[in-house]
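Engineer: Sequence lines, in order, name chains A and B.
Sequential numbering from 1 applies to the first sequence in this note's numbering.
Sequential numbering from 1 applies to the second sequence in this note's numbering.
FYI, nobody ran anything at the bench for these hints, they're computed from the structure.
Treat the hints with caution; some may be incorrect.
Unchecked claim - Chain A side only, calculated, beta carbon under 8 angstroms to chain B, not exhaustive: (1) R30; (2) A32; (3) F113; (4) P139; (5) L256; (6) H273; (7) P275; (8) E278; (9) W297; (10) M306; (11) A309; (12) I317; (13) R323.
What you are looking at is a predicted structure, and each value in this text was computed from that prediction instead of being measured.
Note that beta-carbon positions come from the ideal geometry of N, C-alpha and C, so glycine has one too.
Number of protein chains: 2
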Amino acid sequence: MSEQPVSVAIVGMGTVGTGAARVLVEQPERIARRAGRPVRLKHAVVRDVKKSRGIELPAGVLTTDFARVVRDPEVQIALLLVGGLHPGREMTLELLESGKDIVTANKALLCEFGGELFARARELGRTIAFEAAVAGGIPIINTVSQCLAANQITSIAAILNGTSNYILTQMIGENWPYRQALAQAQSLGYAEEDPTLDIDGTDAAQKLVILTQLAFGVKAQLTEFPRKGIDTLELSDLKYAGELGYTVKLLAVARLIAGQLEMHVQPTLVRHHTPLAEIRGPFNAIALVGDVVGETWYSGPGAGQMPTASSVVADLIDTIAGRTRLTFPRLEVWRDPPPYAVQPREKTSSRFYLRFNVLDQPHVLADIADILGRNHISIASVIQHEAAGSDNADRRTVPLVIMTHRTTVGNLESAERELSRLQSITPPHVRMPVAD
Amino acid sequence: MSEQPVSVAIVGMGTVGTGAARVLVEQPERIARRAGRPVRLKHAVVRDVKKSRGIELPAGVLTTDFARVVRDPEVQIALLLVGGLHPGREMTLELLESGKDIVTANKALLCEFGGELFARARELGRTIAFEAAVAGGIPIINTVSQCLAANQITSIAAILNGTSNYILTQMIGENWPYRQALAQAQSLGYAEEDPTLDIDGTDAAQKLVILTQLAFGVKAQLTEFPRKGIDTLELSDLKYAGELGYTVKLLAVARLIAGQLEMHVQPTLVRHHTPLAEIRGPFNAIALVGDVVGETWYSGPGAGQMPTASSVVADLIDTIAGRTRLTFPRLEVWRDPPPYAVQPREKTSSRFYLRFNVLDQPHVLADIADILGRNHISIASVIQHEAAGSDNADRRTVPLVIMTHRTTVGNLESAERELSRLQSITPPHVRMPVAD
Numbered sequence: 001m002s003e004q005p006v007s008v009a010i011v012g013m014g015t016v017g018t019g020a021a022r023v024l025v026e027q028p029e030r031i032a033r034r035a036g037r038p039v040r041l042k043h044a045v046v047r048d049v050k051k052s053r054g055i056e057l058p059a060g061v062l063t064t065d066f067a068r069v070v071r072d073p074e075v076q077i078a079l080l081l082v083g084g085l086h087p088g089r090e091m092t093l094e095l096l097e098s099g100k101d102i103v104t105a106n107k108a109l110l111c112e113f114g115g116e117l118f119a120r121a122r123e124l125g126r127t128i129a130f131e132a133a134v135a136g137g138i139p140i141i142n143t144v145s146q147c148l149a150a151n152q153i154t155s156i157a158a159i160l161n162g163t164s165n166y167i168l169t170q171m172i173g174e175n176w177p178y179r180q181a182l183a184q185a186q187s188l189g190y191a192e193e194d195p196t197l198d199i200d201g202t203d204a205a206q207k208l209v210i211l212t213q214l215a216f217g218v219k220a221q222l223t224e225f226p227r228k229g230i231d232t233l234e235l236s237d238l239k240y241a242g243e244l245g246y247t248v249k250l251l252a253v254a255r256l257i258a259g260q261l262e263m264h265v266q267p268t269l270v271r272h273h274t275p276l277a278e279i280r281g282p283f284n285a286i287a288l289v290g291d292v293v294g295e296t297w298y299s300g301p302g303a304g305q306m307p308t309a310s311s312v313v314a315d316l317i318d319t320i321a322g323r324t325r326l327t328f329p330r331l332e333v334w335r336d337p338p339p340y341a342v343q344p345r346e347k348t349s350s351r352f353y354l355r356f357n358v359l360d361q362p363h364v365l366a367d368i369a370d371i372l373g374r375n376h377i378s379i380a381s382v383i384q385h386e387a388a389g390s391d392n393a394d395r396r397t398v399p400l401v402i403m404t405h406r407t408t409v410g411n412l413e414s415a416e417r418e419l420s421r422l423q424s425i426t427p428p429h430v431r432m433p434v435a436d
Numbered sequence: 001m002s003e004q005p006v007s008v009a010i011v012g013m014g015t016v017g018t019g020a021a022r023v024l025v026e027q028p029e030r031i032a033r034r035a036g037r038p039v040r041l042k043h044a045v046v047r048d049v050k051k052s053r054g055i056e057l058p059a060g061v062l063t064t065d066f067a068r069v070v071r072d073p074e075v076q077i078a079l080l081l082v083g084g085l086h087p088g089r090e091m092t093l094e095l096l097e098s099g100k101d102i103v104t105a106n107k108a109l110l111c112e113f114g115g116e117l118f119a120r121a122r123e124l125g126r127t128i129a130f131e132a133a134v135a136g137g138i139p140i141i142n143t144v145s146q147c148l149a150a151n152q153i154t155s156i157a158a159i160l161n162g163t164s165n166y167i168l169t170q171m172i173g174e175n176w177p178y179r180q181a182l183a184q185a186q187s188l189g190y191a192e193e194d195p196t197l198d199i200d201g202t203d204a205a206q207k208l209v210i211l212t213q214l215a216f217g218v219k220a221q222l223t224e225f226p227r228k229g230i231d232t233l234e235l236s237d238l239k240y241a242g243e244l245g246y247t248v249k250l251l252a253v254a255r256l257i258a259g260q261l262e263m264h265v266q267p268t269l270v271r272h273h274t275p276l277a278e279i280r281g282p283f284n285a286i287a288l289v290g291d292v293v294g295e296t297w298y299s300g301p302g303a304g305q306m307p308t309a310s311s312v313v314a315d316l317i318d319t320i321a322g323r324t325r326l327t328f329p330r331l332e333v334w335r336d337p338p339p340y341a342v343q344p345r346e347k348t349s350s351r352f353y354l355r356f357n358v359l360d361q362p363h364v365l366a367d368i369a370d371i372l373g374r375n376h377i378s379i380a381s382v383i384q385h386e387a388a389g390s391d392n393a394d395r396r397t398v399p400l401v402i403m404t405h406r407t408t409v410g411n412l413e414s415a416e417r418e419l420s421r422l423q424s425i426t427p428p429h430v431r432m433p434v435a436d
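Okay, chain A solo, but in the shape it has when bound (with noise of 0.2 angstroms):
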């Protein structure tokens, strides 16, 4: 091992941050066996020196002065621990042009400027290392651009926002109305204050962009592809969906169908028992398809300080031994022209649960029916119970929930213009797609 000790710095100290400098000021041994050489934590930029964080470093390290960083030639590699767009874009591009390496967990940043950040990088024979930015501690990143190799990866089907996938776990498993589940979540801290993001889909689909770059070569934009979150959903469409044999899972999902790549973020039924199905609290998981290996899942903590850390540093080892310098530029993050288009949305084929208000009165059934038939829609299974209650019972309306069999995301969009003329069905309509 040299004695030769490599000098590093984090830039952002929030709580993954502090997670990576534990590790470095706890592990020394550890890292540098590791490594191969020891790490210097030389600076570490904070926004206020004097917030407690839990961890003793050593004095001088702490600075508010993230010019310090640029300036200082001794540091190799800094962690970009910051999250949002800017500064992290131009402090990312600063640390790149000073000969620094870059390793980072901020997905937005990536999702939106990875294209020109990465260029940039190969531009200056310097590297960029994310393992941390999707799944958190489940090293999905390296397994997708080194580990399958030898694959064409076919589809990827993943929970990648723990905080939604908590959230669903709790109501279906309690009882809960998603507004209680969600503040469960927050007391707990599996979600944010301002939960927007992930209960959006807009975390799983910024993940879901990194992905497809490295498995598809595609660089999609997130305006390209239908993004829905958990935040409309209602605890009677999980249980129908129970009834059925399915669990609602906040799916991200890219696909070559036909030579295309079918992308989406939203709610979709999974089968009972199946291995997404069992994925229960604020866990990530991911079912990748190679054309070599065949399908292969991986799962564990998707966020969190330690398991966060844990892939920030494998990135950081991997950039001090040099396989970095091997790996990232021949990562296929885009390939020019693109290898595959995005599907058209219309397009998107599969079966779909579909749940409508109607009014309970003949021939409602047989009207809704007729609708999907004449768009090449056909039903696979109905649950309509008996209604409730006999209070105003000309304008009392029952849930009709309808399976169909594999049909386009088009032929329903026709169907449901349709149907929103029939007097006989109030909204809201719900419509969630069925994993294969």
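Once you've looked at the hints, dock chain B against the given chain A.
Structural biologist: Here is chain B on its own, set in the frame of chain A:
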């Protein structure tokens, strides 16, 4: 990309060798792009060049002459895909000494001679890659030795033999006795004609030895830890376990307990709805706990032609790209002195499932409970169903199932010595641990 091709030889064109050849022949562009150089399959060493393999190789590639590979200075990497210990060991040494890097799937070889072969490779500045030796298509070697480098692994609990898992799944699912499930596995090709090494736990134990080396730096011998297969399991025990809320799996376990390494391979009760319990059919799964990341899970096809070839070709790409040269010298396959001793068998502690055949007469349960109690074993639950039939009522035996609280193997063995003297108990006794 350098246009200079890398010449490669395959030694052993059995199932896996043929699969690896297929990927190289059918996906030359993909492999070249990811390895950074074109790959030329120059020799494929077989016993019989005339045997049909369902794959078209260029003229002159097939040969029965292993020495051709050794003598050919153009060949930089050999895929050693023969089974068994000899001449696998001698071939590996010859290949290393003639300057070739090795990729292998031979777990028995690495379990037995890994220490010698790895040391020789390091002396010669060569590398040995062996992702395919454990868990087929699941990238567990890379995960343990690279992706989780920030961690000290503290626990491995794994289903490492797909044949056994298939048989157990069929016994429970179809209500079949062991013999019938084995016959089915053989007819489907999931079990070999001579299935001994799969079903007696040897195959899983060999893989556990390799994982234990990487994760704990300890070279355990096969004889140092308890090993038991599924070949003596009775369907009734799977059913009683089910009644208690557990599935029986052939579990390979290595974990740190109070500074010692607990290791065993044996049928083990795993609680329903946990990730390992849900692995059905001929698959493998590994639950890893790291001291930074927490618990992560990996699963997929643990054997088979193309899944295993996926790992072989990934290793080949890593070796060509130069990553193996960085990783291999630093694998912690042993540390001197070994950082942990293997825990003596009798110290192993868990809850246990016990089944006795007892005479259906008064005071038997009291006698057993008394002996267990005097040996510091307390009873958590009991199943004793009413005896069926009434023939020969004096001497009829009934099964008595006892779930204990946590105790040690030493306490149990001491109790079992006393119990074996009771006239009211007849063999066999069944004892299985319960996974935490």
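Engineer: Now, for every hint given, state plainly whether the structure supports it.
Structural biologist: So, going through the hints one by one against the coordinates:
1. R30: Holds, because the Cβ-Cβ distance from A/R30 to chain B comes to roughly 7 angstroms (cut-off 8 angstroms).
2. A32: Violated - the Cβ of A/A32 stays beyond 8 angstroms from chain B, reaching only about 11 angstroms at its closest.
3. F113: Since the shortest Cβ distance to chain B is 25 angstroms, the answer is violated.
4. P139: A/P139 check passes; min Cβ-Cβ to chain B is 3 angstroms, inside 8 angstroms.
5. L256: 14 angstroms, violated
6. H273: 7 angstroms, holds
7. P275: 7 angstroms, holds
8. E278: 5 angstroms, holds
9. W297: 5 angstroms, holds
10. M306: It holds, given that the least Cβ distance between A/M306 and chain B is near 5 angstroms, below 8 angstroms.
11. A309: Status holds, d = 6 angstroms.
12. I317: Hint holds; A/I317 Cβ to chain B Cβ min 5 angstroms, cut 8 angstroms.
13. R323: 5 angstroms, holds
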